[in-house]
Amino acid sequence: MLRSLRCAALFGGLFLSASALAADIDAASYGYPLTNPFEATIATTPPELRPELPHDDDINQSDRSVTMRPEREFNLPDNFWPVKQLTYRIATQDQAAPLIFLISGTGARYDSTLNEYLKKLYYKAGYHVVQLSSPTSYDFMSAASRFATPGITKEDAEDMYRVMQAVRAQNPKLPVTDYYLSGYSLGALDAAFVAHLDETRRSFNFKKVLLLNPPVNLYTSITNLDKLVQTEVKGINNSTTFYELVLDKLTRYFQQKGYIDLNDALLYDFQQSKQHLTNEQMAMLIGTSFRFSAADIAFTSDLINRRGLITPPKYPITEGTTLTPFLKRALQCDFDCYITEQVIPMWRARTDGGSLLQLIDQVSLYALKDYLHGSPKIAVMHNADDVILGPGDLGFLRRTFGDRLTVYPLGGHCGNLNYRVNSDAMLEFFRG
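Just so we're aligned: the sequence shown equals residues -22 to -1, 1 to 410 in mature numbering (1 follows the signal peptide of the UniProt record, and there is no 0).
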């Protein structure tokens, strides 16, 4: 019933934006070669179709740290010493320039592969760039999150906003002309909430905000990804695990090549070989990666808050303590489990919150519908075949963003971000 009422309300808004239609890119003219969304998600773009980017040696960059939660210095176990301060990466031009903040996706640190790619893209175009970890990464949870229980997007955005302010305070002499903001996947959802927060705080007055492949309904997205782990995969039985199957394929692949070359083109080349993964195997690989992120979040949140769900509250953890038993226990908890056991109880205790449906509305793009509809500085780029989208999600984006939405026919989840056509469109949006 709640969803029906929401859809009715959104349908009413359709008439308000009928003249501003989303830009749907034609598949024939687009030119992206991977038609399988799982393959695109994993292998991304063929190397020859990516933009030319600077090497690390050509970028004036450094890793710096800010202290956001000084009490964690005493509350966290000794083996958490690397993340008692929050590290970020900053790349600076040698002259006054606009600065763009980049927020990583689920569980990813500031130096994730996609954030590194986006940094090089914008740095080459003349921007200062600040790379930030996701609020769901173990380092952000440990060093910057007030409650260390990510999933309440508004609160995650408030934590992120404080980090951005601390970064600016730590670099007072950097000449900045304007501020921009972008994020990919869950980082795009965070960016939307950060932009909304900035409308009242006015610390940055972001000139442009670009959301890349954001989840619309957060619960739908995590449910889609959780389901991929349940895929039945041929060749897996009681004596052969999924990991052994993939390792065996990789071993034969490298034997046939005659050498081992672990670069960012590996997965694309691997998928063109005889050892390529099937649809079911690719789905399992994506789902497994997501499950590890969920386990990391559940373990870190439980440990910092001493909830005793995964790690006994008084269990002594030192640098020599093996965490394997706790990892195994955490892997049994998917995102639905994490939300049920940790997020919802905290949300209800702090805000007198209600049902799961109410929480879903508050943490998803639905909560910002009116703001996003009326803000011309915010745009979305998404893929029609993205595995995180559910029924009605693209329709919501079309009604909310109108001509500020670009829908690509292919690319899976963020797989085409390093395609030249997409990179040109990203740069054009910020220049416009």
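Don't take every hint at face value.
Below, a list of computed lysine-lysine pairs in the BS3-like style, where the Cα atoms sit at most 27 Å apart [to be verified]:
| # | residue 1 | residue 2 |
| --- | --- | --- |
| 1 | K205 | K102 |
| 2 | K347 | K132 |
| 3 | K205 | K151 |
| 4 | K102 | K185 |
| 5 | K186 | K306 |
| 6 | K306 | K205 |
| 7 | K186 | K132 |
| 8 | K355 | K185 |
| 9 | K347 | K292 |
Estimated spans, in silico, between C-beta atoms of each pair [said to hold, decoys possible]:
| # | residue 1 | residue 2 | range |
| --- | --- | --- | --- |
| 10 | Q39 | G370 | 39 to 49 Å |
| 11 | D34 | N149 | 11 to 21 Å |
| 12 | L335 | K205 | 32 to 42 Å |
| 13 | S181 | N283 | 34 to 44 Å |
| 14 | K355 | T45 | 24 to 34 Å |
| 15 | T302 | A74 | 29 to 39 Å |
None of these hints come from the bench; they were simulated from the model.
Just so it is clear, CB atoms sit at the ideal spot from N, CA and C, and this is done for glycine as well.
Quick rundown of the hints versus the structure:
no., hint, in the structure
1, K205 - K102, "violated, 39 Å"
2, K347 - K132, "holds, 14 Å"
3, K205 - K151, "violated, 48 Å"
4, K102 - K185, "holds, 19 Å"
5, K186 - K306, "violated, 43 Å"
6, K306 - K205, "holds, 19 Å"
7, K186 - K132, "holds, 20 Å"
8, K355 - K185, "holds, 7 Å"
9, K347 - K292, "violated, 44 Å"
10, Q39 - G370: 39 to 49 Å, "holds, 41 Å"
11, D34 - N149: 11 to 21 Å, "holds, 20 Å"
12, L335 - K205: 32 to 42 Å, "violated, 20 Å"
13, S181 - N283: 34 to 44 Å, "violated, 29 Å"
14, K355 - T45: 24 to 34 Å, "holds, 32 Å"
15, T302 - A74: 29 to 39 Å, "violated, 50 Å"
The structure fails hints 1, 3, 5, 9, 12, 13 and 15 (numbered hints given earlier, in ascending order).
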